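Trainee: From first to last, the protein sequence lines stand for chains A and B. Under this note's numbering, residue 576 is the last one in the first sequence; the count climbs by one each step, no gaps. Under this note's numbering, residue 331 is the last one in the second sequence; the count climbs by one each step, no gaps.
Here are the simulated lysine-lysine pairs, DSS-like style, with alpha carbons at most 27 Å apart: (1) B:K78 <-> A:K238; (2) A:K193 <-> A:K210; (3) B:K78 <-> A:K573; (4) A:K374 <-> B:K78; (5) A:K566 <-> B:K78.
Some residues of chain B that are not near chain A, with every Cβ distance over 12 Å (derived): (6) Y41; (7) A45; (8) L117; (9) T139; (10) L175; (11) M229; (12) Q237; (13) V243; (14) R322; (15) R326; (16) V328; (17) H329.
It is worth saying that the hints were derived from the structure and are not from the lab. In this text the structure is predicted, and so the values were computed from the model without any measurement. Using N, Cα and C, we set each Cβ at its ideal position, and we do this for glycine too.
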Amino acid sequence: MVTRSGRRAGTRLATLAVGVAVAATLLLGACSSSGSSSGSGGKVTLSYGLWDKNQVPAMKRIAAAYHATHRNVTVNVQLTPYDDYFTKLQTAAGGGEAPDVFWMNGPNFQLYASNGVLAPLTGTLDTKPYPASLVKLYQLDGKQYGLPKDFDTVGLWYDKKLFDAAHVKYPDASWTWPTFVDAARKLTVPAKGQYGTAALLTGQEGMYNTIFQAGGYVVSPDGKHSGYGTPQAIQGLKFWTDLIQQKLSPGQQQMTDTAPYQMFEAGKIAMYWGGSWDAVEFGNNPLTKTQADVTVLPQGAKRATVIHGLANVVFNRSKHKAQAIDFAKFLGSKQAAQIEGSTGTVIPAYAGTQQAWIKSHPQFHLQSFLDELPYAQPLPVSANTAAWNTLEADILTKAWTGSTPVDQAANNQAQKMDGVLAKEGK
Amino acid sequence: MPGPVGTAPRHAVAVSPPPATEAPAPARPRRRRRYRPAALGWAAFFLAPTTLGLGFFYMWPVVQTVYFSFTKWGPFGGHQWTGLDNYRAIVRDETVLSALRNTVYFTLLGLAGIPISIVLAALLARKGRRGVTAYRALLFLPVVTMPAAVAIVWRWLYNGDYGLVNELLSHVGAHRTYWVSDPNTALVAVALVGIWTTVGYNMVILMAGMEAIPRHYYEAAEMDGATGVRQFFAITVPLISPSLFFVTVLSIIGSLQTFDLVYVMIGRTNPALPQTRTVVYLFYQKAFIENDRGYAAALAFLLLLLIVIVTAAQFRLQKRWVHYE
Numbered sequence: 151m152v153t154r155s156g157r158r159a160g161t162r163l164a165t166l167a168v169g170v171a172v173a174a175t176l177l178l179g180a181c182s183s184s185g186s187s188s189g190s191g192g193k194v195t196l197s198y199g200l201w202d203k204n205q206v207p208a209m210k211r212i213a214a215a216y217h218a219t220h221r222n223v224t225v226n227v228q229l230t231p232y233d234d235y236f237t238k239l240q241t242a243a244g245g246g247e248a249p250d251v252f253w254m255n256g257p258n259f260q261l262y263a264s265n266g267v268l269a270p271l272t273g274t275l276d277t278k279p280y281p282a283s284l285v286k287l288y289q290l291d292g293k294q295y296g297l298p299k300d301f302d303t304v305g306l307w308y309d310k311k312l313f314d315a316a317h318v319k320y321p322d323a324s325w326t327w328p329t330f331v332d333a334a335r336k337l338t339v340p341a342k343g344q345y346g347t348a349a350l351l352t353g354q355e356g357m358y359n360t361i362f363q364a365g366g367y368v369v370s371p372d373g374k375h376s377g378y379g380t381p382q383a384i385q386g387l388k389f390w391t392d393l394i395q396q397k398l399s400p401g402q403q404q405m406t407d408t409a410p411y412q413m414f415e416a417g418k419i420a421m422y423w424g425g426s427w428d429a430v431e432f433g434n435n436p437l438t439k440t441q442a443d444v445t446v447l448p449q450g451a452k453r454a455t456v457i458h459g460l461a462n463v464v465f466n467r468s469k470h471k472a473q474a475i476d477f478a479k480f481l482g483s484k485q486a487a488q489i490e491g492s493t494g495t496v497i498p499a500y501a502g503t504q505q506a507w508i509k510s511h512p513q514f515h516l517q518s519f520l521d522e523l524p525y526a527q528p529l530p531v532s533a534n535t536a537a538w539n540t541l542e543a544d545i546l547t548k549a550w551t552g553s554t555p556v557d558q559a560a561n562n563q564a565q566k567m568d569g570v571l572a573k574e575g576k
Numbered sequence: 007m008p009g010p011v012g013t014a015p016r017h018a019v020a021v022s023p024p025p026a027t028e029a030p031a032p033a034r035p036r037r038r039r040r041y042r043p044a045a046l047g048w049a050a051f052f053l054a055p056t057t058l059g060l061g062f063f064y065m066w067p068v069v070q071t072v073y074f075s076f077t078k079w080g081p082f083g084g085h086q087w088t089g090l091d092n093y094r095a096i097v098r099d100e101t102v103l104s105a106l107r108n109t110v111y112f113t114l115l116g117l118a119g120i121p122i123s124i125v126l127a128a129l130l131a132r133k134g135r136r137g138v139t140a141y142r143a144l145l146f147l148p149v150v151t152m153p154a155a156v157a158i159v160w161r162w163l164y165n166g167d168y169g170l171v172n173e174l175l176s177h178v179g180a181h182r183t184y185w186v187s188d189p190n191t192a193l194v195a196v197a198l199v200g201i202w203t204t205v206g207y208n209m210v211i212l213m214a215g216m217e218a219i220p221r222h223y224y225e226a227a228e229m230d231g232a233t234g235v236r237q238f239f240a241i242t243v244p245l246i247s248p249s250l251f252f253v254t255v256l257s258i259i260g261s262l263q264t265f266d267l268v269y270v271m272i273g274r275t276n277p278a279l280p281q282t283r284t285v286v287y288l289f290y291q292k293a294f295i296e297n298d299r300g301y302a303a304a305l306a307f308l309l310l311l312l313i314v315i316v317t318a319a320q321f322r323l324q325k326r327w328v329h330y331e
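Work out the full structure: start from the sequences and follow the hints.
Mentor: Right under this line is the structure:
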């Protein structure tokens, strides 16, 4: 994009600045998001921003249900694809033009809340029906900014056919790390290019789970320190790097060229640490549709899985804040959760409304993802999560390829991440 | 300073000064022309769209970027003057140094595309050969293909497990290589795609230069008994040097701004990212992933300076090797 336009318009010296112009477009803020508009006679139109097109029908049905009891409020669903969602939202929020109510995720929440973009939810709030760790994810300085909309946890997906061929018992809740590694060894068949598992270099599906299971943490509870330097975190990372070194997982280069979930779908990987959201993907793939199943994650020093979920939040500069807060609360209600659950796309966060999702793919034991709730730990976040996520991608990759010893990479990560976290406070 | 091929005369933009202040050209004294006010008005009218567009969409953002490079940017707008803080951070940041190194490598590798373009242009500039038009079209096709599409397709070709490149090389007994995720090969692999996408453009410019060379030079050379190769080096190359200069300047500017190929072909958890991350990629990462836009603005400004310096140096050096008829 940048190079190309430079070449086309290359006759002008001024185009030397094409790279600069990218920043400038942003500065000029050519945002087109339409804010709220109020009609006559007390009628109010709220805009509701979200990024998943698969969920638009459910969200529209919820909006209609709200309209049925609040005749003067109409909700307008605004879809922005995820890749542009937060870039656009940031610009729009800066210009006072963000939707009245919109989807928020954990990694971005504190950035928005700490900069005063979000309105705290007021009035009575009943947070008991939601997983406690998710409720906490959307709290800042004792204020609740969003009610959980849905959630996802991570489970152990496995290929039954490969297990049968290797005469290994299917995984279950009794599995521990050693059982897992042992099985991975039996399920690795170099001649067929088949691996026991895949050491994903991702936080949510990979290392955060094992760091928690080893008893470690990624961000300290006060949000000021990185946990990567602790022996438990190093153990959690080493779990994965050992698997690569022992060739029970493909190497990082191979996993970069071909995504591990695709290898799982091609029957080249026997056990895959994946999210509850993978049910849709694996339920559509002709191989995993019949051959795959899922159970809870194996146990380390303790049981743990990463939980994450979205929340509906309210724009602080909304022209109809009172109505927006009321609608956001309705989005967190049991009625809304039931509508959402009936479509089977995501697990609704409201307790007792999840059965529809579990039944959406009867061939998988999706109940496992709910069984993990009592010991689920929230996705680690801070005010500028993206900054240290980039560090993880940079530094931990070296541990995954083996070019840096894992403890050295972990300490390196801890040190740099501490620097990023210290800068956040200012 | 003679402009490169295709450059609009520099003074064309500056209409506004009244004719009285315009200095007469020293070499050939010309009668000072008097512009009628109506004509000036029309000139301004026709030049306005370009001038305003250029000023508003290119120059003003540059000025703003320079300003913002001295500030700390809030993620939701608002900024605060921090003086040279961003520049100090850049000097201390080792990723900047490696990004700069990678960018220079990309640029040098990109220059390798120019000799290839010359040879192709020489072969295809001759009319009457069979299939010349088809080859020209084929070679130009990558230029008009979306860079993101190019990158995705090449990513598949380079794929270590299923890629065509490995498949072909396996017939000559080569080892399996993960071309774009192996730190040793990724930079060259990406740069090759860059060359592939620009060769067609360079070729067209050079071909135009070749077709402008008068036939009789070649006829004279032939009579003197010069071989085709000799003619190529003694006539073609010197006489296309203005086009060559133009192509080199553009190629260097383009390579220094390499971003899209790296963005699509490499990706964030690629083990080869440190060896392929360019300055513009780093700019993107700082501005849009890490929300550090002041720092990114400073980086963009430094890149602009680098490009200006390199380009100015080329204009200086051109006197030694570019021949204008």
